[in-house]
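Q: These are the residues of each chain, in order.
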Amino acid sequence: MNMAKSPSIIKEIFKIKKFTISIAVVISILLFGLLGPLFYPRDPFEMKYYPERPPNPENPLGTDIAGRDILVQLLHGTRFSVYIGVVAALISLAIGVTVGSVAGVKGGLVDDALMAITNIVLAMPSILLMMLIAAYFKYRDPILVSLIIGVTSWPWVARAVRAQILSLKNREFIYYSRMACLSDLQIAFEDLLPNMAAYLFMAFVLLLSSAMISEAGLSMIGVGLTKGVSLGIILYWAQLFEAVRRGLWWWFIPPGAILVTLTASLLMLSTALDEYFNPRLRGGR
Amino acid sequence: MKEKKISAILRKPAVKFLLRKVIFLFATFYVYVTIIFVLPRVIPGNPLATLLAQILQTMQVTPELVTAVQKRLMEEFGLHKPLHEQYLDFLMRIFKGDLGTSYSLFPRKVTELVFAYLPWTLGLLIPATVASWMLGNLLGAIAGYKRGGKLDNVILPISIVFSQTPYYWLAMLLLFIFGVTFRWFPLGGAYSYGMTPSLSLEFIFSYLHHYVLPFLSIVLAAIGGWAIGMRVLVIYELRTDYIDFADTLGLNEDKLLRYAFKNSILPQITGLALNLGTILGGSLITEIVFSYPGTGYLIFQAITRLDYPLIQGTFVILFSTLILANFIVDIIYAFLDPRIRTGYIGE
Numbered sequence: 122m123n124m125a126k127s128p129s130i131i132k133e134i135f136k137i138k139k140f141t142i143s144i145a146v147v148i149s150i151l152l153f154g155l156l157g158p159l160f161y162p163r164d165p166f167e168m169k170y171y172p173e174r175p176p177n178p179e180n181p182l183g184t185d186i187a188g189r190d191i192l193v194q195l196l197h198g199t200r201f202s203v204y205i206g207v208v209a210a211l212i213s214l215a216i217g218v219t220v221g222s223v224a225g226v227k228g229g230l231v232d233d234a235l236m237a238i239t240n241i242v243l244a245m246p247s248i249l250l251m252m253l254i255a256a257y258f259k260y261r262d263p264i265l266v267s268l269i270i271g272v273t274s275w276p277w278v279a280r281a282v283r284a285q286i287l288s289l290k291n292r293e294f295i296y297y298s299r300m301a302c303l304s305d306l307q308i309a310f311e312d313l314l315p316n317m318a319a320y321l322f323m324a325f326v327l328l329l330s331s332a333m334i335s336e337a338g339l340s341m342i343g344v345g346l347t348k349g350v351s352l353g354i355i356l357y358w359a360q361l362f363e364a365v366r367r368g369l370w371w372w373f374i375p376p377g378a379i380l381v382t383l384t385a386s387l388l389m390l391s392t393a394l395d396e397y398f399n400p401r402l403r404g405g406r
Numbered sequence: 002m003k004e005k006k007i008s009a010i011l012r013k014p015a016v017k018f019l020l021r022k023v024i025f026l027f028a029t030f031y032v033y034v035t036i037i038f039v040l041p042r043v044i045p046g047n048p049l050a051t052l053l054a055q056i057l058q059t060m061q062v063t064p065e066l067v068t069a070v071q072k073r074l075m076e077e078f079g080l081h082k083p084l085h086e087q088y089l090d091f092l093m094r095i096f097k098g099d100l101g102t103s104y105s106l107f108p109r110k111v112t113e114l115v116f117a118y119l120p121w122t123l124g125l126l127i128p129a130t131v132a133s134w135m136l137g138n139l140l141g142a143i144a145g146y147k148r149g150g151k152l153d154n155v156i157l158p159i160s161i162v163f164s165q166t167p168y169y170w171l172a173m174l175l176l177f178i179f180g181v182t183f184r185w186f187p188l189g190g191a192y193s194y195g196m197t198p199s200l201s202l203e204f205i206f207s208y209l210h211h212y213v214l215p216f217l218s219i220v221l222a223a224i225g226g227w228a229i230g231m232r233v234l235v236i237y238e239l240r241t242d243y244i245d246f247a248d249t250l251g252l253n254e255d256k257l258l259r260y261a262f263k264n265s266i267l268p269q270i271t272g273l274a275l276n277l278g279t280i281l282g283g284s285l286i287t288e289i290v291f292s293y294p295g296t297g298y299l300i301f302q303a304i305t306r307l308d309y310p311l312i313q314g315t316f317v318i319l320f321s322t323l324i325l326a327n328f329i330v331d332i333i334y335a336f337l338d339p340r341i342r343t344g345y346i347g348e
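Protein chains in written order, with this note's numbering: chain H, 122 to 406; chain D, 2 to 348.
Take the hints with a grain of salt, since some may be wrong.
[Claimed, not checked] What follows is a list of derived Cβ distance ranges for each label pair:
1. Ser8/D x Ser304/H: 45 to 55 Å
2. Phe27/D x Ala284/H: 21 to 31 Å
3. Arg42/D x Leu211/H: 22 to 32 Å
4. Gly98/D x Ile148/H: 46 to 56 Å
5. Phe322/H x Ala28/D: 29 to 39 Å
6. Ile159/D x Arg367/H: 24 to 34 Å
7. His210/D x Arg367/H: 15 to 25 Å
8. Ala145/H x Leu84/D: 31 to 41 Å
9. Leu92/D x Glu133/H: 53 to 63 Å
Calculated directly from the structure, the hints in this document are not laboratory data. Where is the CB? At the ideal position from N, CA and C, for every residue including glycine.
Given these sequences and hints, build the entire structure.
A: Structure (structure tokens):
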């Protein structure tokens, strides 16, 4: 039944202006990062140009202090930032959904224990925790950075999933499944999660955007990637070599602008979806 | 008699609420401290090796010296003891307020260093947080009330963009525009070079002059999130039955808005408690951009020099500060929410 309904839902969603604009922006930035390097095949680490050059025909976005091309850094940086964001978001989502659904389905002591843990992690300032953990690693690759971000950002997902499950739990179709002797896990994965698909997608979008911002934050304080380039790393280099005070605007403005455009569009996307799927927000007063 | 009095106080709903919060905050602190203890012991590539290398760089190295220095270091940090004893030692030292000695600024104590830098951070953070929270809520309430109107269509997208703008990037932009291009504000630091902090008019002026850009960047970066949150809360609130009822009774708009605002501000207070960490994180990095002599700058220095006691200690103190701030916000909450005062919501 759900399947038959979905095409019309998709059509309707695309009629929302906020949604279409934001998804167009998101997709073009993703393409920029994914396909860009194919059309602009330079090495982001090669120091072969004249240093600190403003944008010019040879280097469309100028060069940094070491004579590296900024545009190619941006292409690769966007790619790695998105990659880290996606992996981190998937990790948070996996932990959050597992903890939240086990707590919601099992109830009782298990629920109490899991929620106590969740609340404690939630009360800990995640960005500080990330910085602290990252500081202990000598080498940090994209997977490690995603992992650090992922394991510290799941609590709100767990709470939200649990709340959703509690509200779904007492519906009739769940009773039928229970009568059919389905296991808790089966109920969770076959009955409850599909009903929360739209919600989980929104959670993923929000996690993705906050993970990319966290990545940049970690880089800025000096505990980002130790090898490779991300949007945060470009900003870190720019900061380290005083790009702002020396007026090298082409170095620090583009990476931040891409980050903000991408994350703001993601947030806009989830707001549009929320307004569509959430009956309490739909329509005017 | 006395016991009865105490138990009567303890039974008061607001006291019960706060007690539960205190226990919870202690639990989080304990977990956090434990994480700090566990991290260096489970992650390969130990900080001690780094320190050892640093110390040996300055000396003529002989094999005996290496083992001697290593042994001395193991003893200094208590690493020769069994793990559970190390853990108890560690906890005891933290509760006594002894966070060890800095490697890079030897022999200065970590606590001494952090407390020298902390006031600058707090002086920046507290006013900026309060200002952004108030302004953001006000803007959000207006946007929510005029939902779909012109004002909302301006406030919402701008709030979304600002809420996603990293603090430090906004800081870089402001510094570039108003510091580098227009030269209205200084390029960094908390006061003019060569001055010593004092209560002279000259110093205060210099302090404020250096304060504007960091303050503005934190306020602007934080304001959007509050506005977005408040907007949705007000929209929800305006749909509740009591507002509809009051509306049908013919109450004027001002009053309706005031009711909705009062009820929507409560979750925003909880939100303040939850987001203090994020704001702190953001402003720490803002300090780096402005070379502001706060704890963010200290952490940055400590990380580049791999000064682990200093990193640990700074995080412990920052986290304790956050817990204290959280508790203050909880007290305000308990004070403002009539349901907690009267015990309407127990658990």
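Q: For each hint, tell me whether it holds in the structure or not.
A: Hint check:
1. The given range of 45 to 55 Å is respected by serine 8/D and serine 304/H, whose C-beta atoms sit roughly 47 Å from each other.
2. Roughly 26 Å separates the CB atoms of phenylalanine 27/D and alanine 284/H, a value that falls within the hinted 21 to 31 Å.
3. Against the hinted window of 22 to 32 Å, the Cβ-Cβ separation of arginine 42/D and leucine 211/H comes to about 29 Å, which satisfies the hint.
4. Distance hint check: the CB atoms of glycine 98/D and isoleucine 148/H are about 53 Å apart, consistent with the given range 46 to 56 Å.
5. Distance hint check for phenylalanine 322/H and alanine 28/D: the Cβ-Cβ separation is about 33 Å, which falls inside the suggested range of 29 to 39 Å.
6. Range check, isoleucine 159/D to arginine 367/H: Cβ separation about 30 Å, and the 24 to 34 Å hint holds.
7. Taking 15 to 25 Å as the suggested C-beta distance range, the pair histidine 210/D and arginine 367/H conforms, at roughly 21 Å.
8. Taking 31 to 41 Å as the suggested C-beta distance range, the pair alanine 145/H and leucine 84/D does not conform, at roughly 55 Å.
9. Look at leucine 92/D against glutamate 133/H: about 57 Å separates their beta carbons, and that is inside 53 to 63 Å.
When the structure is compared with the earlier hints, a violation turns up for hint 8 alone.
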